[in-house]
Amino acid sequence: MEKSHSKRVKNHPPPIELDEPIECEICNSTYKNNVAFALHTIRHSDDNKYSCHLCPYKNTSKYHIEMHVRAHEGTTKFKCEVCQKAFTVSTHAVEHKYFHTGEKPFQCEICGKHFMFSRFLAAHRRSQHYEILTGSPLVKFDCKICNKHYASASGLRRHKLSKHNEEGIDLSVLCDICGKRLSSREKLKFHRRIHTGYKPFGCQVCSKAFTKKDQLIEHVRVHTGEKPHICKYCGRGFTQRTPLKIHERTHSGERPYVCVCCGKGFVTKTSVDSHMKSCGGNVVSAFASTWMGHPLPQLSQLTQLGQPSKYFSL
Numbered sequence: 001m002e003k004s005h006s007k008r009v010k011n012h013p014p015p016i017e018l019d020e021p022i023e024c025e026i027c028n029s030t031y032k033n034n035v036a037f038a039l040h041t042i043r044h045s046d047d048n049k050y051s052c053h054l055c056p057y058k059n060t061s062k063y064h065i066e067m068h069v070r071a072h073e074g075t076t077k078f079k080c081e082v083c084q085k086a087f088t089v090s091t092h093a094v095e096h097k098y099f100h101t102g103e104k105p106f107q108c109e110i111c112g113k114h115f116m117f118s119r120f121l122a123a124h125r126r127s128q129h130y131e132i133l134t135g136s137p138l139v140k141f142d143c144k145i146c147n148k149h150y151a152s153a154s155g156l157r158r159h160k161l162s163k164h165n166e167e168g169i170d171l172s173v174l175c176d177i178c179g180k181r182l183s184s185r186e187k188l189k190f191h192r193r194i195h196t197g198y199k200p201f202g203c204q205v206c207s208k209a210f211t212k213k214d215q216l217i218e219h220v221r222v223h224t225g226e227k228p229h230i231c232k233y234c235g236r237g238f239t240q241r242t243p244l245k246i247h248e249r250t251h252s253g254e255r256p257y258v259c260v261c262c263g264k265g266f267v268t269k270t271s272v273d274s275h276m277k278s279c280g281g282n283v284v285s286a287f288a289s290t291w292m293g294h295p296l297p298q299l300s301q302l303t304q305l306g307q308p309s310k311y312f313s314l
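Position one of the sequence shown corresponds to residue 1 (the UniProt record's numbering), numbered consecutively onward.
Since the hints were made in silico from the structure, they are not lab data.
Check the hints yourself; a few may be wrong.
Calculated pairs, DSS-like style, for lysine-lysine (alpha carbon to alpha carbon, straight line, at most 27 Å) [as the list claims (entries may be wrong)]:
no.	residue 1	residue 2
1	Lys-32	Lys-227
2	Lys-232	Lys-269
3	Lys-232	Lys-180
4	Lys-79	Lys-97
Simulated DEER-style distance windows between Cβ atoms [stated by the list, open to error]:
no.	residue 1	residue 2	range
5	Lys-163	Val-89	35 to 45 Å
6	Asp-19	Pro-200	25 to 35 Å
7	Cys-143	Lys-97	36 to 46 Å
8	Cys-83	His-251	46 to 56 Å
9	Asn-28	Tyr-130	55 to 65 Å
10	Cys-83	Gly-253	50 to 60 Å
11	Ile-132	Lys-97	30 to 40 Å
12	Glu-186	Lys-245	20 to 30 Å
13	Glu-109	Asp-19	49 to 59 Å
14	Arg-249	Cys-143	43 to 53 Å
15	Ser-184	Asn-28	36 to 46 Å
16	Glu-131	Arg-221	46 to 56 Å
Ideal Cβ placement from N, Cα and C applies to all residues, glycine included.
Make the full structure from the sequences, and use the hints.
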């Protein structure tokens with residue numbers, strides 16, 4: 001996999017060497033370019049993904065995170081011929097050019113309508129000509145709760161009101177795109193932006209945009225160097241709260257994530273998950289303190305002995 005990754009990136013320009021190395025806020029290691037630092041971030045990840053420190057982007061692929069960071073820098077070989085904007089995929093650079101030229105090269109063979117992008121043509125063919133192309137009627141309205149299909153929006157609406165409201169489901173907090181139920185209308189508003197791509201909070205430094213204001217605030221600290229979260233042990237500052245929490249465990253000795261095989265403790269869930277893949281210790285001895293690598297509450301946190309039933313069903 002490493003060899004394949006090297007082959008895929010060898011034709012791109014080298015990453016930009018930084019004037020000052022980037023220091024990892026968790027382990028203090030330093031890196032001379034943004035790509036190297038992005039590849040390091042998976043060591044401290046709780047979801048086994050590489051992270052971009054310039055924006056909220058994450059990915060499990062080493063190649064994709066490198067191409068993403070290179071797009072920030074402009075060090076990919078895929079560039080718009082008009083404005084020199086960099087892209088991670090060659091077809092994206094070609095399609096971006098159409099914004100400048102107004103060209104619409106993709107034509108529907110049924111109705112003759114033209115589109116700027118192939119994905120727009122595909123969506124048009126499915127929504128407008130599905131029955132002609134496949135010989136089967138298109139079911140447009142699906143219930144995201146029970147997966148029943150309806151031919152009209154009114155039919156789906158009647159189904160939801162008659163069937164799912166009996167179960168106490170509040171349709172006002174149900175995403176009409178993916179069916180996910182949120183805890184409030186405010187959270188639903190932010191959730192729908194994932195589908196629509198609406199990002200009203202833009203960075204004035206690098207033009208990155210975000211769905212939430214707090215995401216923008218954290219991102220801006222990349223440019224300003226502001227570190228408002230201070231370690232109570234050594235006074236070191238951090239841009240975000242989570243790296244601070246992990247860092248403070250190096251002072252306190254706290255190891256909340258324990259291997260169910262050997263009982264060894266770890267600072268992060270990612271660390272214990274990685275360790276457990278190769279550990280072959282005594283499984284039974286560790287079950288008294290953990291459940292599948294997740295920390296159980298201390299006895300002092302429990303008001304009565306009956307409460308552990310939250311974690312174990314006896």
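Here's how the hints hold up against the structure:
1. Lys-32 / Lys-227: holds (21 Å)
2. Lys-232 / Lys-269: Status holds; Cα separation ~23 Å.
3. Lys-232 / Lys-180: violated (39 Å)
4. Lys-79 / Lys-97: Holds, at about 9 Å.
5. Lys-163 / Val-89: 35 to 45 Å: The hint (35 to 45 Å, Cβ to Cβ) holds, given that Lys-163 and Val-89 are roughly 43 Å apart.
6. Asp-19 / Pro-200: 25 to 35 Å: holds (33 Å)
7. Cys-143 / Lys-97: 36 to 46 Å: About 41 Å separates the Cβ atoms of Cys-143 and Lys-97, which means 36 to 46 Å holds.
8. Cys-83 / His-251: 46 to 56 Å: holds (48 Å)
9. Asn-28 / Tyr-130: 55 to 65 Å: holds (57 Å)
10. Cys-83 / Gly-253: 50 to 60 Å: holds (53 Å)
11. Ile-132 / Lys-97: 30 to 40 Å: Given range 30 to 40 Å: holds, Cβ gap about 32 Å.
12. Glu-186 / Lys-245: 20 to 30 Å: holds (26 Å)
13. Glu-109 / Asp-19: 49 to 59 Å: holds (54 Å)
14. Arg-249 / Cys-143: 43 to 53 Å: Distance hint for Arg-249, Cys-143 holds at roughly 45 Å.
15. Ser-184 / Asn-28: 36 to 46 Å: holds (40 Å)
16. Glu-131 / Arg-221: 46 to 56 Å: The hint (46 to 56 Å, Cβ to Cβ) holds, given that Glu-131 and Arg-221 are roughly 53 Å apart.
When each numbered hint is compared with the structure, a violation occurs for hint 3 only.
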